[in-house]
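Here are the chains, one letter per residue:
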Amino acid sequence: MPSAKTLFEKVWDAHVVAEPTGRSPLIYIDLHLVHEVTSPQAFEGLRVAGRRLRQPGRTVATVDHNIPTEPRGTPITDPIAALQIATLQKNCAEFGVRLFDMDSPDQGIVHVIGPELGLTQPGSTIVCGDSHTSTHGAFGALAFGIGTSEVEHVLATQCLPQRKPKTMKIEVDGGLPEGVTAKDLALAVIGRIGTDGATGYVIEYAGEAVRALSMESRMTLCNMSIEAGARAAMVAPDEITFAYMKGRRFAPQGTDWDQAVVYWRTLASDAGGRYDKTLTIDAASLAPFVTWGTNPGMVVQITGRVPDLNGAPTETDRRATEQALQYMGLQGGTRIEEIPIDRVFIGSCTNSRIEDLRAAARVAKGYRVNPKVRAMVVPGSQTIKRAAEQEGLDRIFREAGFEWRESGCSMCLGMNPDILQPGERCASTSNRNFEGRQGRGGRTHLVSPMMAAAAAIAGHFTDIRKWKFQ
Amino acid sequence: MKPFRVHKGLVAPLDRVNVDTDQIIPKQFLKRIERTGFGEFLFYDWRSTPDGKPDPAFVLNQPRYAGSSVLVVGKNFGCGSSREHAVWAIADYGFRAVIGSSFADIYANNSTKNGLLNVQLHEEEVAELLRRAEKYDGYQLTVDLEQCNVQDDRGFLARFQMDEFVRHCLLEGLDDIGLTLQHQAEIAAYETTHATPWSKPV
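Note that the protein sequences, when read in sequence, are chains A and B.
Reminder that position 12 of the first sequence reads as 12 in our numbering, one-by-one numbering, no gaps.
Offset between the second sequence (1-based) and our numbering: plus 1000.
These are calculated hints, taken from the structure and not from any lab test.
Please note that the accuracy of each hint is not assured.
Calculated pairs, PhoX-like style, for lysine-lysine (alpha carbon to alpha carbon, straight line, at most 25 angstroms) [to be verified]:
id	chain 1	residue 1	chain 2	residue 2
1	A	Lys365	A	Lys466
2	B	Lys1002	B	Lys1135
3	A	Lys166	B	Lys1135
4	A	Lys164	B	Lys1008
5	A	Lys365	A	Lys277
6	A	Lys372	A	Lys10
7	B	Lys1135	B	Lys1075
8	A	Lys372	A	Lys468
9	A	Lys277	B	Lys1075
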């Protein structure tokens, strides 16, 4: 009798190519996403070894990390960034890789365009030289970030030797309250288990609250799982998944689609599937969250206060808290709602999709950005930018005083000219509040798109649940 | 890849937890297209003051740790971004081994591809090594991958475990792409038997 399997086990088992004795299993990779920052040394490695791509058709590239978000056509003033982009163009041409370049109508953040183009499919294996590859797990794919040596490995062999990870089920019961989003759920999970709480595990999100999430919200949730250390995160595909995918450019068409859906329906975890760890969260107990420190696990509810040193359970925690407070320029005990901000960033592979922009625009509508705040909106892709402009979201943002920019990773990691100045404090919809992440000396607080928009207008963090929408 | 068998070297203590790869190598240095030359930018924002001068307070700038080749760190080292540049920077700076109580997944994978050994010890053992590296000038450790142990000449001895295949690759300095290519026939067979009509190459 076949034993019960989890979603992860089904996808894993379907991709084992070989199990050499004494070595890690060899896993087949269905889709490899490539960008300008983590690939040049990999292509160079192929060149040196005289190797070609095993499956150029399973490799797709775009530029996102270091491109400016000024109007397209503005020359790239940073010569090193320009060389890195030119290098990707050259490598894609030489090795036969499809590239969605700067001027492509499909350009965008790699984890935004994969799903958008229908490249991201349930039951597949997806890798990219970027830790936020976990995003694609929202479709029931096994998707994880890799380093440049592994990028080279996949380019050459379409496979990766992988130790089998452990599994963790996170069951989110009930429904998320009004004003509480997938971002808040993600921050709540990281706050609960810590930034290494899922190291070595693939998370499967399940439960009523997860089933009710849109695909874009599921992507936000899976995206942030790497911030808990997870190898990957997955959500079983369902009708919401299929409705999102149908008709997308690289999604199956016609009878292929019908066959695919039949298979995809078999992927959900069987009753009795076993996990190495389980965690249950009551969605109704959640509130909007704001990070106060220098990693995503340093997080409190909007109604809370910055922790003080007395609350730290160990000496190590106390020192980490002290270092974080010092870097962030905060006093323990300060109410979160009293913290003033200088900058707002709405964007990144976490929160730059059309639903994110709609949510932020709904908050901004009829208001003006606080005169002390500079706020920018960076859509995740050109497709999203066009859609938002068609709906008039850009007008709402512009009239409120937000900058409306071109697509890319932008101020999530500040590799392009969009950075914080030392000491500037930013409400950001991105995924990392590490020291210097958005610019040396910059202070990042992670929030949802609605919370970011509200902070832009109020000039400080404010509880979106009390917002007067206009 | 340079094989790792036994290494003895000066120890530098980096007594911080959750050191992310953004700290190990800040983003402004990720635009280079080479694998080399990252060492001078290792921990750049911690090592240098805002005007680019060395910050004397940072551990690696202290003369007593100059030339160190074993780094002892707090838990969850290497979390965050997948950038292999972090490993390139650590190795290029001159470190051969990093000792800590836990390491982030992607960082750990990247290390093994570059001959950098991450040794996982118990938290109390790491705390003791941090203490000794601060207390004793010129404190050295021998990291032995053949015997899977770490020892000093003051009586500290700790054994560690690691994945046997990873250990084998490090000991031999193996290129694992070459190993995977030995399975070309199985890869080709997989591609034939697992072809799904809907999952077509682009």
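Hints and how they fare:
{"no.": "1", "hint": "A:Lys365 <-> A:Lys466", "result": "15 angstroms, holds"}
{"no.": "2", "hint": "B:Lys1002 <-> B:Lys1135", "result": "32 angstroms, violated"}
{"no.": "3", "hint": "A:Lys166 <-> B:Lys1135", "result": "39 angstroms, violated"}
{"no.": "4", "hint": "A:Lys164 <-> B:Lys1008", "result": "33 angstroms, violated"}
{"no.": "5", "hint": "A:Lys365 <-> A:Lys277", "result": "44 angstroms, violated"}
{"no.": "6", "hint": "A:Lys372 <-> A:Lys10", "result": "52 angstroms, violated"}
{"no.": "7", "hint": "B:Lys1135 <-> B:Lys1075", "result": "21 angstroms, holds"}
{"no.": "8", "hint": "A:Lys372 <-> A:Lys468", "result": "21 angstroms, holds"}
{"no.": "9", "hint": "A:Lys277 <-> B:Lys1075", "result": "21 angstroms, holds"}
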